[in-house]
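> Here is how the chains run, residue by residue.
There are 6 protein chains.
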Amino acid sequence: MPEFRRILLTGAAGSLGSHLRRGLAPLADTLRLLDMNPLGAAAANEETLQLDLSDREAAIAASRDCDAIVHFAGHPREQTFEEILADTLPASYHIFEGARLNGVKRVIYASSIHAVGFHPVEAVPDTRAQHRPDTFYGLTKTFTEDLASLYWDKYGVESVMLRICSCFPEPADRRMLWSWLSFADCVRLVESALLAPRVGFSVIYGTSANAAAAVSNAHAGHLGFVPQDSADGHAAAILARTPRPDPEAVGTRVVGGGFAATGHPDDAA
Amino acid sequence: MPEFRRILLTGAAGSLGSHLRRGLAPLADTLRLLDMNPLGAAAANEETLQLDLSDREAAIAASRDCDAIVHFAGHPREQTFEEILADTLPASYHIFEGARLNGVKRVIYASSIHAVGFHPVEAVPDTRAQHRPDTFYGLTKTFTEDLASLYWDKYGVESVMLRICSCFPEPADRRMLWSWLSFADCVRLVESALLAPRVGFSVIYGTSANAAAAVSNAHAGHLGFVPQDSADGHAAAILARTPRPDPEAVGTRVVGGGFAATGHPDDAA
Amino acid sequence: MPEFRRILLTGAAGSLGSHLRRGLAPLADTLRLLDMNPLGAAAANEETLQLDLSDREAAIAASRDCDAIVHFAGHPREQTFEEILADTLPASYHIFEGARLNGVKRVIYASSIHAVGFHPVEAVPDTRAQHRPDTFYGLTKTFTEDLASLYWDKYGVESVMLRICSCFPEPADRRMLWSWLSFADCVRLVESALLAPRVGFSVIYGTSANAAAAVSNAHAGHLGFVPQDSADGHAAAILARTPRPDPEAVGTRVVGGGFAATGHPDDAA
Amino acid sequence: MPEFRRILLTGAAGSLGSHLRRGLAPLADTLRLLDMNPLGAAAANEETLQLDLSDREAAIAASRDCDAIVHFAGHPREQTFEEILADTLPASYHIFEGARLNGVKRVIYASSIHAVGFHPVEAVPDTRAQHRPDTFYGLTKTFTEDLASLYWDKYGVESVMLRICSCFPEPADRRMLWSWLSFADCVRLVESALLAPRVGFSVIYGTSANAAAAVSNAHAGHLGFVPQDSADGHAAAILARTPRPDPEAVGTRVVGGGFAATGHPDDAA
Amino acid sequence: MPEFRRILLTGAAGSLGSHLRRGLAPLADTLRLLDMNPLGAAAANEETLQLDLSDREAAIAASRDCDAIVHFAGHPREQTFEEILADTLPASYHIFEGARLNGVKRVIYASSIHAVGFHPVEAVPDTRAQHRPDTFYGLTKTFTEDLASLYWDKYGVESVMLRICSCFPEPADRRMLWSWLSFADCVRLVESALLAPRVGFSVIYGTSANAAAAVSNAHAGHLGFVPQDSADGHAAAILARTPRPDPEAVGTRVVGGGFAATGHPDDAA
Amino acid sequence: MPEFRRILLTGAAGSLGSHLRRGLAPLADTLRLLDMNPLGAAAANEETLQLDLSDREAAIAASRDCDAIVHFAGHPREQTFEEILADTLPASYHIFEGARLNGVKRVIYASSIHAVGFHPVEAVPDTRAQHRPDTFYGLTKTFTEDLASLYWDKYGVESVMLRICSCFPEPADRRMLWSWLSFADCVRLVESALLAPRVGFSVIYGTSANAAAAVSNAHAGHLGFVPQDSADGHAAAILARTPRPDPEAVGTRVVGGGFAATGHPDDAA
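Chains C, A, S, U, D and Z supply the protein sequences, listed in that same order.
Under the UniProt record's numbering, think of the first position of the first sequence as 1, with each following residue one higher.
Under the UniProt record's numbering, think of the first position of the second sequence as 1, with each following residue one higher.
Under the UniProt record's numbering, think of the first position of the third sequence as 1, with each following residue one higher.
Under the UniProt record's numbering, think of the first position of the fourth sequence as 1, with each following residue one higher.
Under the UniProt record's numbering, think of the first position of the fifth sequence as 1, with each following residue one higher.
Under the UniProt record's numbering, think of the first position of the sixth sequence as 1, with each following residue one higher.
These are calculated hints, taken from the structure and not from any lab test.
We treat Cβ as the ideally placed atom computed from N, Cα and C, and that holds for glycine.
Treat each hint with caution, since some may be false.
[Stated by the list, open to error] With beta-carbon atoms standing in for the labels, derived distance ranges:
| id | chain 1 | residue 1 | chain 2 | residue 2 | range |
| --- | --- | --- | --- | --- | --- |
| 1 | D | Y155 | Z | D246 | 13 to 23 Å |
| 2 | U | R128 | Z | F168 | 30 to 40 Å |
| 3 | D | T242 | U | R128 | 38 to 48 Å |
| 4 | A | N37 | C | H75 | 29 to 39 Å |
| 5 | S | P243 | D | A184 | 20 to 30 Å |
| 6 | S | R5 | U | T242 | 27 to 37 Å |
| 7 | U | R128 | D | P169 | 40 to 50 Å |
| 8 | A | P120 | U | T242 | 29 to 39 Å |
| 9 | U | R128 | S | A249 | 21 to 31 Å |
| 10 | D | A184 | Z | A86 | 34 to 44 Å |
| 11 | U | T242 | Z | F168 | 49 to 59 Å |
| 12 | Z | D246 | D | A43 | 48 to 58 Å |
With the sequences and hints as input, model every part of the structure.
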């Protein structure tokens with residue numbers, strides 16, 4: 001018998017969402033998949049919901065009868081302030097309000113390394129490091145983390161902030177030699193966060209078992225995440241095909257990488 | 001000759017704003033006062049602007065030709081999420097965008113103890129403690145702190161987050177025996193933050209020189225704030241007229257006090 | 001109207017107890033004085049109890065109808081293990097059991113610097129430093145601190161551990177230039193611990209406002225203790241009449257002073 | 001040639017003691033087994049002593065001619081204060097007095113997670129965390145740890161506090177997925193503590209190599225303990241046969257588990 | 001009767017040395033003054049030695065029959081590597097060798113803020129912060145601090161590293177509003193370091209009681225230094241006559257001030 | 001195509017240097033080998049330079065046209081102060097001056113455990129621990145580390161301090177069970193330090209993957225060093241053939257081992 005009755009998975013049509021759709025299936029009687037994009041046909045144990053989480057009523061209704069939420073909806077790119085205000089921040093709020101109003105006990109949130117992106121690489125920030133967002137995108141992550149903290153302290157909704165580093169098919173550059181998270185390890189990360197007996201408000205970095213580690217999970221052992229994949233096998237090829245980076249360039253200097261080096265989104269317009 | 005050419009003071013018609021209007025006058029050739037409420041007649045060295053900071057264009061224009069911003073506009077009470085989204089968050093953004101676009105070097109922000117309100121009193125949080133907002137009001141403070149961090153790291157706008165505890169005419173209850181900040185000390189606090197040669201992104205708690213201190217400025221010495229007033233003279237009277245608090249009540253247990261004990265703003269509706 | 005209805009003060013016939021008997025009188029309608037030695041005539045607002053706290057039944061009955069306990073009974077000298085087992089440990093237990101069974105909300109305990117006496121002076125231990133008892137006497141303090149921790153975590157009895165350093169009529173040697181606590185400051189210390197709105201399980205060092213400080217109350221600000229006396233006026237005379245200490249002698253090297261240099265109590269027999 | 005001439009093993013007839021009896025045999029010419037229960041026939045390199053460690057004279061004599069003590073005697077269950085006073089505390093004292101008087105250089109002590117049982121799971125306490133006993137049983141552990149600290153600082157008796165988490169034949173519930181210590185790993189833990197060249201006064205948590213880790217040995221690397229077993233293989237079965245725990249229940253919330261949720265031992269009577 | 005029989009004061013003809021010559025006189029029967037420059041006539045309780053500390057034999061002989069050394073000789077300006085190698089490093093070594101060979105128990109050393117000059121102002125480094133020298137001058141300070149550490153750990157010579165910030169007749173610029181140390185407070189600082197019963201190897205920052213503090217003595221309380229002077233009275237005048245500094249200029253950004261902004265000494269040649 | 005155009009390797013004729021000569025060959029078009037001793041015939045991609053690094057001009061010229069320096073020249077034994085002054089300190093300076101003047105971006109330095117040798121084993125120092133050199137040899141390491149810090153902060157020369165513990169053909173005694181670094185792991189360590197995209201000023205301990213670890217690389221994960229060898233296979237043999245060490249002997253007590261127990265080099269003369 002699966003651990004959960006019904007898990008709501010948001011962003012289910014996205015890149016990570018698709019892997020979670022497959023990977024989390026065994027954990028629940030029903031996986032309720034939500035996205036603003038089409039989700040394809042629902043499998044036997046699936047329910048699908050196509051909607052925009054900025055729609056308060058629909059978003060709150062979406063977690064009814066769920067015992068956990070895996071919130072992966074979002075745009076993994078820089079956005080304007082107006083966009084995050086219209087879209088990502090309300091979505092986060094509606095998710096946590098849904099949890100509060102529907103009695104959902106735990107929310108697993110796809111936060112990001114960009115919540116702390118301006119810490120220098122050699123500082124190796126741990127999960128207690130202060131927020132240092134590197135973009136407006138990162139600011140949606142710090143905001144949602146603080147919102148989650150409030151919902152735990154005040155309303156008893158547990159949550160785990162997964163600070164995903166670089167979740168791609170394979171490591172593509174030198175930074176990803178430490179920051180890469182395989183899709184399979186991403187699924188493991190969500191599983192750990194769902195199954196840990198007690199999380200309160202917890203934070204964990206999401207990387208695979210890479211030789212290099214510019215972030216530290218030293219205080220996140222209670223979540224039981226043990227990555228199985230590694231970027232190491234790609235190191236030789238990546239070193240061979242990419243030039244030595246300038247260590248003083250912002251994108252090399254801080255854990256947020258290239259995001260920290262982007263300009264203001266309005267300036268591009 | 002004053003230190004600054006022109007300082008923009010937002011929230012200038014408010015309770016703290018009025019004290020700052022008087023107190024900061026000697027620091028600038030011109031004090032540009034901004035509020036959504038009437039500001040009365042402008043003195044010789046004053047300019048007044050009545051406008052709503054959620055108006056992007058006007059808000060950004062407001063800091064033109066300023067060399068510092070003292071951002072005290074805000075509603076010192078719990079708000080709904082919809083309110084903060086429509087009002088406080090855009091106001092913060094417009095202030096920092098104004099600083100960036102107009103080349104204003106430093107922003108002094110009226111943050112609040114409610115940014116970390118859920119830390120237990122006996123933990124005595126310092127300025128490096130993690131965010132633990134106790135309300136949506138507190139969430140506007142953590143959001144603006146993170147925004148300020150981004151604008152420092154990415155755009156070189158210095159800022160000081162003043163985590164004001166309880167700024168009232170006099171201490172009114174037992175909690176204020178540690179959390180009280182006199183109006184005069186509030187002015188001193190802003191002065192320190194304006195005059196310190198270098199602040200980068202700094203955080204400091206705002207209390208007077210009270211015997212009790214449930215927050216710690218041990219890492220904020222570079223700002224040079226030395227409060228001169230004290231709640232201590234009110235202790236006997238307050239003890240006499242108020243009952244012993246329940247130490248396990250939320251409002252006594254955490255540094256945020258009564259705010260941490262409030263319900264969800266929607267539930268009152 | 002006093003803050004408390006009835007405070008139980010143990011060790012009330014002792015040196016510190018006598019000062020507390022006078023000093024705490026204004027805080028309670030009734031001060032219930034307890035000692036194994038005669039307590040003299042009871043004043044108008046006093047009750048006296050002559051009994052041995054190792055007598056379980058009597059000790060527990062002693063805190064009936066009290067709203068706070070100030071536990072200063074004890075032998076401020078090294079003891080054999082058999083003595084502490086027969087006497088001090090049961091007394092501590094009976095005090096906390098009394099608090100639990102009688103619904104007394106808070107216990108103020110005369111712990112001691114000897115609970116952490118083996119920390120080197122130059123380490124300047126704070127209130128989070130690990131236990132390093134320097135004697136069996138110190139061991140009664142660490143035991144009672146741990147017992148108090150248990151009674152807070154499990155039974156909701158708040159307590160403050162006062163790690164009294166050197167409470168004597170005046171500083172008598174060079175170590176006391178940092179460790180001295182005047183009797184008046186000792187009363188102030190107990191008052192602070194009684195009146196703080198919330199203490200949970202708290203630890204604080206008890207010294208006067210001396211120039212030197214080999215222990216740190218940096219994390220005890222919430223208790224609001226501000227000493228008013230100082231050993232500094234005695235420094236010249238003490239330096240003149242005492243020889244330079246050997247910095248490598250145990251009694252100079254560690255904060256516990258001479259206690260850390262004593263031999264095993266059985267060896268003296 | 002074995003490392004030790006003679007090791008005293010107390011609690012040798014107990015569950016863990018039996019495994020140590022076998023496992024430690026290669027380390028010493030002679031294993032002196034002690035228990036209050038019958039120990040069976042002594043093997044070639046064994047000596048047996050049936051006695052109660054609360055008997056001072058016999059207990060001290062027991063470590064004569066030993067070069068190490070492995071002190072595992074005790075009752076792994078909650079006890080009344082009167083029991084621990086009559087039994088466990090004197091036993092600990094006699095063991096350390098024996099070490100002091102007989103010149104035994106090192107004591108390995110079976111402390112317990114219950115010495116720090118009230119730390120929340122998500123705090124992942126390390127070996128420098130403060131004592132937070134969860135029971136009177138836990139209080140015997142904190143007391144003995146402090147006693148050991150005293151005997152190291154004052155009398156030069158080295159010791160290692162093994163904070164054993166859950167040492168059972170196999171993991172039996174969800175908490176044991178992080179807290180389980182196999183018998184074989186328990187033997188490895190004692191071996192490490194015996195063989196490390198220098199331990200002073202050291203603390204280490206005893207768990208197997210489980211995916212989850214709610215305690216941290218980050219500061220205990222000098223002891224060289226590397227567990228070889230793991231609870232992970234039992235995870236699927238345990239998850240399948242046990243219900244989701246309530247994360248706010250005391251027994252789930254803190255590292256001490258169910259012990260922290262027990263009532264006062266007198267209340268059961 | 002003075003505390004010391006004979007104190008060796010090096011650099012006694014220098015700016016600080018002259019104040020120490022007067023200020024330390026009451027502490028010793030004899031003050032042995034050493035400088036490479038003329039020292040004027042010796043007072044009744046003075047001995048004078050004109051010599052270069054890079055002369056090994058003479059330098060070692062200089063501390064014979066002393067019970068303390070106050071080592072203030074040095075060039076408070078940037079130097080070439082060749083200079084420090086020929087001059088300052090040997091001088092330091094000879095001083096500590098003298099202490100070792102002549103049985104002098106304690107050395108007070110004029111280290112400098114420039115030993116940690118590259119820490120950012122807003123980091124408020126404490127006495128445990130890592131070395132970050134800002135000049136070759138600063139490197140002579142970190143070297144001598146490490147040498148002193150070695151002589152304490154290995155040879156039992158106690159020492160106090162006084163990280164003097166800005167010791168001048170009066171504060172001259174905005175940085176000195178936090179870094180200024182009056183001559184009288186400098187004398188008090190040396191006195192404290194000499195008179196503290198136990199220092200082992202200690203570090204302390206030397207500033208007066210200024211409102212601003214960009215360094216922290218939170219872990220140096222055992223030395224008992226309480227400055228009596230303050231730069232605060234000079235603040236208004238300094239602010240009026242100096243321009244606002246650029247907070248991103250190196251000399252404003254880090255605690256070392258202008259030294260950190262100097263070029264390589266060879267480049268000037 | 002190799003990562004580097006030309007790497008300068010100093011100490012290339014030494015024990016570790018010979019392994020690096022072979023191991024680093026694939027990383028650069030040209031390996032420039034430098035030693036004061038003969039280097040044998042140069043291979044196809046090698047250049048050899050026989051010279052003494054205390055010769056300023058030659059030493060600086062040696063890094064011309066290099067893009068990295070691996071500085072392993074030195075005498076791995078205690079030296080007199082006069083020797084280090086004449087030899088090791090200038091060599092270090094010339095290396096960093098060469099880097100500055102020739103635009104070499106990164107220096108990898110063979111520092112040593114003896115830079116922090118006096119930390120007790122049970123303290124398990126990490127890479128942020130304070131310097132505690134145990135010899136004049138160790139003092140050359142702390143000096144060069146501080147010099148490297150200066151060259152990073154001021155001149156932008158990146159560097160990694162490799163605190164090599166015990167690099168020998170195989171572990172030879174009980175201490176090496178934690179401190180041993182195989183030659184192959186030493187090569188891996190240098191490779192990691194060369195290839196990490198960003199190091200700023202970093203410190204890392206060099207040991208193999210041994211069960212015991214008396215030093216901690218918890219903050220050095222960004223360097224990506226993963227040792228592959230282990231001393232563990234030698235444990236049984238070493239335990240069998242060496243006596244139990246005295247845990248209070250200096251050489252056992254501190255991480256520096258026997259070096260910390262050596263006398264002053266002059267005393268041997």
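> Quick check: which numbered hints come out false for this structure?
6
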